[in-house]
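Colleague: Each chain, letter by letter, is given below.
Number of protein chains: 2
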Amino acid sequence: MDIDYTWGASMTKRGTQEGKKSHKNQTVHFKNPPRIIGAYTVVGKKEATGPLGKSFHHYMEDEYFSEKTHEAAEQKMFETAIHGAIRSAKLKPEDIDMMMSGDLLNQITSSSFAARSFDISFVGLYGACSTMALTLAMGSCMVDAGFMNRVVVSAGSHFATAERTYRTPLELGCQKPPLAQWTVTGCGATVLAHEGSGPKITSATFGKVQDWGVRDVNNMGAAMAPAAAATLIAHFRDTNTKPENYCAIFSGDLGKLGETILRDLLADSGYPLDPQRYTDCGRMIYDYKQHAYQGGSGCGCSAVVLNGFILDKLKAGGYKKVLFVATGALLSPVSSFQGNTVPGIAHAIVIEA
Amino acid sequence: MDIDYTWGASMTKRGTQEGKKSHKNQTVHFKNPPRIIGAYTVVGKKEATGPLGKSFHHYMEDEYFSEKTHEAAEQKMFETAIHGAIRSAKLKPEDIDMMMSGDLLNQITSSSFAARSFDISFVGLYGACSTMALTLAMGSCMVDAGFMNRVVVSAGSHFATAERTYRTPLELGCQKPPLAQWTVTGCGATVLAHEGSGPKITSATFGKVQDWGVRDVNNMGAAMAPAAAATLIAHFRDTNTKPENYCAIFSGDLGKLGETILRDLLADSGYPLDPQRYTDCGRMIYDYKQHAYQGGSGCGCSAVVLNGFILDKLKAGGYKKVLFVATGALLSPVSSFQGNTVPGIAHAIVIEA
Chain A
1 MDIDYTWGAS MTKRGTQEGK KSHKNQTVHF KNPPRIIGAY TVVGKKEATG
51 PLGKSFHHYM EDEYFSEKTH EAAEQKMFET AIHGAIRSAK LKPEDIDMMM
101 SGDLLNQITS SSFAARSFDI SFVGLYGACS TMALTLAMGS CMVDAGFMNR
151 VVVSAGSHFA TAERTYRTPL ELGCQKPPLA QWTVTGCGAT VLAHEGSGPK
201 ITSATFGKVQ DWGVRDVNNM GAAMAPAAAA TLIAHFRDTN TKPENYCAIF
251 SGDLGKLGET ILRDLLADSG YPLDPQRYTD CGRMIYDYKQ HAYQGGSGCG
301 CSAVVLNGFI LDKLKAGGYK KVLFVATGAL LSPVSSFQGN TVPGIAHAIV
351 IEA
Chain B
1 MDIDYTWGAS MTKRGTQEGK KSHKNQTVHF KNPPRIIGAY TVVGKKEATG
51 PLGKSFHHYM EDEYFSEKTH EAAEQKMFET AIHGAIRSAK LKPEDIDMMM
101 SGDLLNQITS SSFAARSFDI SFVGLYGACS TMALTLAMGS CMVDAGFMNR
151 VVVSAGSHFA TAERTYRTPL ELGCQKPPLA QWTVTGCGAT VLAHEGSGPK
201 ITSATFGKVQ DWGVRDVNNM GAAMAPAAAA TLIAHFRDTN TKPENYCAIF
251 SGDLGKLGET ILRDLLADSG YPLDPQRYTD CGRMIYDYKQ HAYQGGSGCG
301 CSAVVLNGFI LDKLKAGGYK KVLFVATGAL LSPVSSFQGN TVPGIAHAIV
351 IEA
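As given, the protein sequences belong to chains A and B, one line each in that order.
Going by the working numbering, the first sequence opens with residue 1, and the numbers climb by one from there.
Going by the working numbering, the second sequence opens with residue 1, and the numbers climb by one from there.
Chain A with its partners taken away, still in its complex shape (with noise of 0.2 Å):
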C-alpha cells in the first residue's frame, strides 16, 4: 500500500479495551486546515436570558418566529443561522459551494425544507445531537480535500418540535422527571473556507455508536456519555495528546449527570478532565434557576454554544486549542416504544486560534 495517508497514526491494533475492540485510527488530521470564516445563531427567549445570552446573535421574541408552526418556525431558524453566517463571512449565498445541515426532526425535514431557499448542493446529515460537530467534521474533509472552496453547516433544535418528535406534545403538560434535559431552542451555521481569516480545524474524529443498555428517554446524559467517553479516548490516542493539551474541551450536550459519567468514565481510563478545563455545552446554557433539570439537550444546544460563545472566545484570544465534542442519542420513538435500549454517537473536532 504506498497510498500517501493524510491521516495519522498507523492502523495497526494495539491490544483490547473494553467493549468494541479494534484501535484503529478514527481521526482525519487536516492539511490545509479550513477556516471558520463566518457563524451565526438564533436561539429563543430561554437561551437569551440564559448565562450565554449576549453570545448570541439573534433571538426569537416568540416561539414561533411569526410562523404559524413549530416546525415552519425551526425552518426559519435554519434559514436566518445560514443567511447570517454567510452574510458574516461578508458572502452571499452564491458564494457557498455546498451546504450541509441536520436536525432531529423526522427526515430531517427543517433542514431539507431551509435548503429550498438556498441555491446550493446540499447533503443531510443525521447524527442527532452531535450534528454540530458531524457536519463541520464533514465540511472540513470537503474543504481540506479541495472537492469545495466554501461550505455552510449547520445545525438547530426546537423546543416544542423535539417533545412532540420524542416524548409527549406539549399540550399534555407532562411533568419532566429529574434527569431529563430542556431541548433548547436554537440553531447554529458556520462557514468553512479554503481562505480567509478566522479559527481553523485542524483534525476530526468519527465516532463509533456505542450501546450500554440505557432505556431511559429521560435520561439521555447517561446513553451518550459512553460515545463521548470513547470519541475523547480515541481521539486523545490518534492524535497523541492529553486533556492537558488543549485550552478547553467542550461536550456538546450531556447535561449534569453525564458530564459526571463522563469525568469518571475518562478518569478511570486514565485521561482525568481537570475542571478548570472542561465543561458541557448543556450544562452552560441555562441557570439553576431556569428550571431545565440536567441542562440544555438537542443539535441546537452544542451548535449555538460552538457558534456564540466557543468561538468569541478562541478570536478573542481566550483560547488557543478547543476540543470539542458533540454528542448524540440515536433513538426513535419507534425503537423506544419497541423496547430498544439507546446508542449513542459521538463526534469530535479540534479548533485552533
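If you're looking for bench data, these hints aren't it; they were derived computationally from the structure.
These figures come from a predicted structure and were not determined experimentally.
Be aware that a few hints might be false.
Remember, identical chains collapse to one label, so a pair may be satisfied in a single copy or spanning two.
[What the hints assert, rightly or not] SDA-like cross-link-like pairs, simulated, lysine to any residue; straight-line CA separation at most 25 Å:
hint : residue 1 : residue 2
1    : Lys313    : Ser197
2    : Lys176    : Val334
3    : Lys176    : Asn106
4    : Lys68     : Phe337
5    : Lys321    : Met284
6    : Lys242    : Pro178
7    : Lys92     : Asp238
Fit chain B to the supplied structure of chain A, relying on the hints for placement.
Modeller: Positioned in the frame of chain A, the structure of chain B alone reads:
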C-alpha cells in the same frame, strides 16, 4: 485564489435557467477514483420473484427475517448486506475504516442500530430515496481524498416499516391510488477502496433541493422527477457530456410516471434520453403482474438494483460507463399533515468498468 481545485469546470455563471439560477459546479471529479471492491444485496420475496430476482444475493423467506418486528427485520437486512459486501470484498469488518449509511425510518434507526454491530466509525446520511447515491458520493470523497482507505456504504428500506412511517399502518388495509409506488424491501451495501479490482467511481454530482409544489404523498414520481432533471442537467453541464456518452443511465425510483416526466423535462432542456439508454430502477424491479402500481420506490430500490443488476453488467463488460442518479422525496408525515409540499433531491455518480 491559488488553490488546486480537484473539481472540474470553472465556477463562473453561464446565464440563467428556470428555477434555481446559479450555474455553479456541483460535480466532484475524482483524481484517484475509488474502486467498488465488494457489493451485496438482501431483498424480500416480492423482489426476489421479480424480473431482477437472479441478480440479488440473498432473499428473506419471510418479511420478518426471523425477527419480532419489521423494524428489527430492516436492521438485520442492513447487518446482513454490510457483512455480505465486506465478505464479497474478501475482507473482514476490522479492515473497514468508516461506515456511511441511511434509511427512511425516523432518525435513521435501521442504519444506526445496525452500526452497533460493527466496530467502525459511523456517519449517518439522510437523502430519502437518494441515499444510495449520496452515501456512494460521500464515501468516494473520503476514499479519493485519502482520508479513509476502505469505506462501506449502504441504504435500504422495508415495505412494512415505510408504509407505517409515511402513510398508513398495513393493518388498516388502505387501498393505494394509481400513482402510488411500492416501497422495495431490500438493502444494498458497497465497499469502496483505494485499491483493488472492480468498477470505479469517477465523479459525483451533488444535487440541490427542488420544489415544484407537489402535495400528493402518493405521487412521489412527480415530486422527484424535477430533482433528477436538475441534477442530470448540472452533471451534463459540469462534465461537458451528453446522454449519448453513457452506456446506460439509471434513475433511482421515479416509477413509470416519474420516468415519463423526467424524459419530458430533459428533452425540453436539450438532452433527450434515448429509450434504449435510460431507464428507472423502480420500473425494472417489478413485473407488471406484481401489482406495484408505478413501480418500486424507497432507498432500497436503487440500492439493490445498483449493487445487483448494474454492477453485474459492469463487471461482465455489458456496460463501460454508467450514470446513476438516485432521487429522494424530502417529506415527513408531519410536514405533509401540515400542508407542506414535497421537495425532492437527486445525487448522481458515474461508474466506469
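Colleague: Hints numbered earlier in the text: which of these fail when held up against the supplied structure?
Modeller: 6
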